[in-house]
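Trainee: Listed below, chain by chain, are the residues.
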Amino acid sequence: MRKELEKYFRTEKLPHIWCPGCGHGILTGAVVRAIDNLKLDQGKICIVSGIGCSSRAPGYLNFNTLHTTHGRALAFATGIKLAKPELKVIVLTGDGDCAAIGGNHFIHACRRNIDITTVVFNNNIYGMTSGQYSPMTPQGAFATTAPYGNIDRSFDLCKLAQSAGATYVARGTVYHIPQLIKLIEKALLHKGFSLIDAISICPTYFGRKNKMSSPVRMMEFIKDACIPAKNAEKLTKEELAGKIVIGEFYEEFAPEYTEEYAKVIEKAREGK
Amino acid sequence: MMAEKTFSIHVNDRACKRCGICIAFCPKKVFSSENGKPVVTNLEACIKCKLCELRCPDYAIVVGGEENE
Ligand SMILES: Cc1ncc(C[n+]2csc(CCOP(=O)(O)OP(=O)(O)O)c2C)c(N)n1
Ligand code: SF4
Ligand code: SF4
Ligand code: SF4
Ligand SMILES: [Mg+2]
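Residue numbers (our numbering), protein chains in the order written: chain G, 1 to 272; chain W, 1001 to 1069.
Keep in mind the hints are simulated off the structure, nothing from the lab. Ideal Cβ placement from N, Cα and C applies to all residues, glycine included. Mixed in with the good hints there might be a few duds.
Pairs of lysine-lysine residues, derived as DSBU-like cross-links and limited to a Cα-Cα distance of at most 30 Å, are as follows [as the list claims (entries may be wrong)]:
id: 1; chain 1: W; residue 1: Lys1048; chain 2: G; residue 2: Lys7
id: 2; chain 1: W; residue 1: Lys1028; chain 2: G; residue 2: Lys3
id: 3; chain 1: G; residue 1: Lys230; chain 2: W; residue 2: Lys1050
id: 4; chain 1: G; residue 1: Lys182; chain 2: W; residue 2: Lys1048
id: 5; chain 1: G; residue 1: Lys223; chain 2: W; residue 2: Lys1029
id: 6; chain 1: G; residue 1: Lys3; chain 2: W; residue 2: Lys1050
id: 7; chain 1: G; residue 1: Lys159; chain 2: G; residue 2: Lys223
id: 8; chain 1: W; residue 1: Lys1017; chain 2: G; residue 2: Lys13
id: 9; chain 1: G; residue 1: Lys13; chain 2: W; residue 2: Lys1050
id: 10; chain 1: W; residue 1: Lys1050; chain 2: G; residue 2: Lys182
id: 11; chain 1: W; residue 1: Lys1029; chain 2: G; residue 2: Lys243
Sample of chain W residues facing chain G (criterion: CB under 7 Å; computed from the structure) [to be verified]:
id: 12; residue: Ala1015
id: 13; residue: Lys1017
id: 14; residue: Cys1019
id: 15; residue: Gly1020
id: 16; residue: Ala1024
id: 17; residue: Leu1054
id: 18; residue: Pro1057
id: 19; residue: Val1062
Stretch by stretch, here's where chain W covers chain G in the computed footprint (C-beta under 8 Å, at least three residues) [to be verified]:
id: 20; stretch: 171-184
id: 21; stretch: 209-218
The following block holds chain G by itself, in its conformation from the complex (with noise of 0.2 Å):
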C-alpha cells in the first residue's frame, strides 16, 4: 500500500476477508483517496454501515466508525449526525442492506436531505448471505434464490434518490476509478444528502450464478455495459436496455436537515 494511506487503515486487520477480486476493496480503496485528496480531518470523520460483505469496509478504516445492524446505518448515521453536525458522516451500505431491508430509511433520509453521503457498494447480489437477488438484480438474472432467472425489475437507484429528495445523485464504478473518485469527492463536498450508486463486483456469486465467476470477466462486462450520462441522455428505452447510465445526475443546493433542526432549537429557546 502507498505510505500516504496507511494512516487511513486498520492495517493490523488487513488482508481484508473479502474474496480475490472482490469490488468492495477497489471501493473502499477508492472512498479512502477521495477523503485523502480532500485532505479532510480524519478525527471529524464517522464511517457507519449495515450489515452485509459491503458493511465490513469500516472495519477496515482507521477512522470513528460504526457497524450497525442489517438495513438501518442510514438511522444511526441520523442519530449520530443529529447528536453532532460538526462530523462528515459517510455511510458504506450494500445494495441488499440499503435498497432492500434498508429501503424505507433510505427514502426518508433523502427526503429529509441530511447532511450524509452514502456510497452503495452495489454488486446487485447478496453476497454474504450467498448470492440471493436484491432489489438491485436485474430482471433475467440468475441467483440462488431465483435459478430460472429473476422476474422483478429492479430499482433504478439514482432515480429513485433523486425523487425522494437526495441533491447529489451520480453513478460510477469498479472499472471506472479516477472518475468514481471525483464523485466521491463531489459528494463528500455537498452540504444535504448525497448518494453515490457505486457498482462493483462479487464474482464469487453473481459471478459464478452469471457465467463470469473470473473478477476479470465481470470487470469486462461493466466495461462494455457502461455509457456515460450524457451520451445516454439521446437513447431511446429500447437501446438503454441492459446498459449501465454512469456519471452525475443530479446536484441542487436546499435547505439542509441538521440547519433547520438548529433553528428549531433556536426558536424554542427563545420560546417564540
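Using the hints provided, position chain W with the ligands relative to the given structure of chain G.
Mentor: Relative to chain G, chain W with the ligands alone:
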C-alpha cells in the same frame, strides 16, 4: 535516464490474492502472469496511469518511486 532507473512498480506478494485484474486491464500489458501471480515484465511500456494501483482490491500495488526518492 536516471528517472527511468529509479521508477519501479512494486507488487506486495503477501497482499496479492491473484485476482488477475491488474494483468488484464493494464493498457500497456506491463504485467505477465506467473501461475496467476502478477510479475512486472514490461516496465519500459508503463505510462504511469496508476490504474493498476487504483483497481487492485487488495492495495498490493504501488506504481512509481521516483517522486518519493
Ligand atoms: C435482520 C437481518 N436480516 C437478514 C440478515 C441476513 N443478511 C446478512 S447480510 C444480508 C444481505 C447483504 O447484502 P448486501 O447489503 O447487498 O451486501 P453484500 O454482502 O452483497 O455486500 C442479509 C440478508 C441479517 N443479518 N439481519
Ligand atoms: S461473496 Fe461476493 S461480495 Fe462477498 S466478499 Fe466474496 S466476492 Fe465480495
Ligand atoms: S489486482 Fe492486486 S490482488 Fe489482483 S492480481 Fe493484481 S496485485 Fe494481485
Ligand atoms: S501504471 Fe498504468 S501502464 Fe503502468 S503498469 Fe499500471 S496500469 Fe499499466
Ligand atoms: Mg450486495
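Trainee: With reference to the structure, classify each hint as holding or not holding.
Mentor: Status of the hints after comparison with the structure:
1. W:Lys1048 to G:Lys7: Since the Cα atoms of W:Lys1048 and G:Lys7 sit roughly 24 Å apart, the hinted pair holds (cutoff 30 Å).
2. W:Lys1028 to G:Lys3: Distance ~25 Å between W:Lys1028 and G:Lys3 Cα, so the pair holds.
3. G:Lys230 to W:Lys1050: holds (26 Å)
4. G:Lys182 to W:Lys1048: holds (19 Å)
5. G:Lys223 to W:Lys1029: The hint holds at about 18 Å.
6. G:Lys3 to W:Lys1050: holds (15 Å)
7. G:Lys159 to G:Lys223: The hint holds at about 22 Å.
8. W:Lys1017 to G:Lys13: At roughly 16 Å apart (the allowed maximum being 30 Å), G:Lys13 and W:Lys1017 satisfy the hint.
9. G:Lys13 to W:Lys1050: holds (25 Å)
10. W:Lys1050 to G:Lys182: holds (15 Å)
11. W:Lys1029 to G:Lys243: Between W:Lys1029 and G:Lys243 the Cα gap is close to 28 Å, so the pair holds against 30 Å.
12. Ala1015: Check passed: Cβ of W:Ala1015 comes within 6 Å of chain G, closer than 7 Å.
13. Lys1017: Because about 4 Å separates W:Lys1017 from the closest Cβ in chain G, which is inside the 7 Å limit, the hint holds.
14. Cys1019: Interface hint status for W:Cys1019: holds (3 Å vs cutoff 7 Å).
15. Gly1020: holds (5 Å)
16. Ala1024: Since the shortest Cβ distance to chain G is 4 Å, the answer is holds.
17. Leu1054: It holds, given that the least Cβ distance between W:Leu1054 and chain G is near 4 Å, below 7 Å.
18. Pro1057: Nearest chain G Cβ about 3 Å off; hint holds.
19. Val1062: Hint holds; W:Val1062 Cβ to chain G Cβ min 5 Å, cut 7 Å.
20. 171-184: holds (count 5)
21. 209-218: It holds: at least three residues are needed, and the stretch 209-218 of chain G offers 3 whose Cβ sits within less than 8 Å of chain W.
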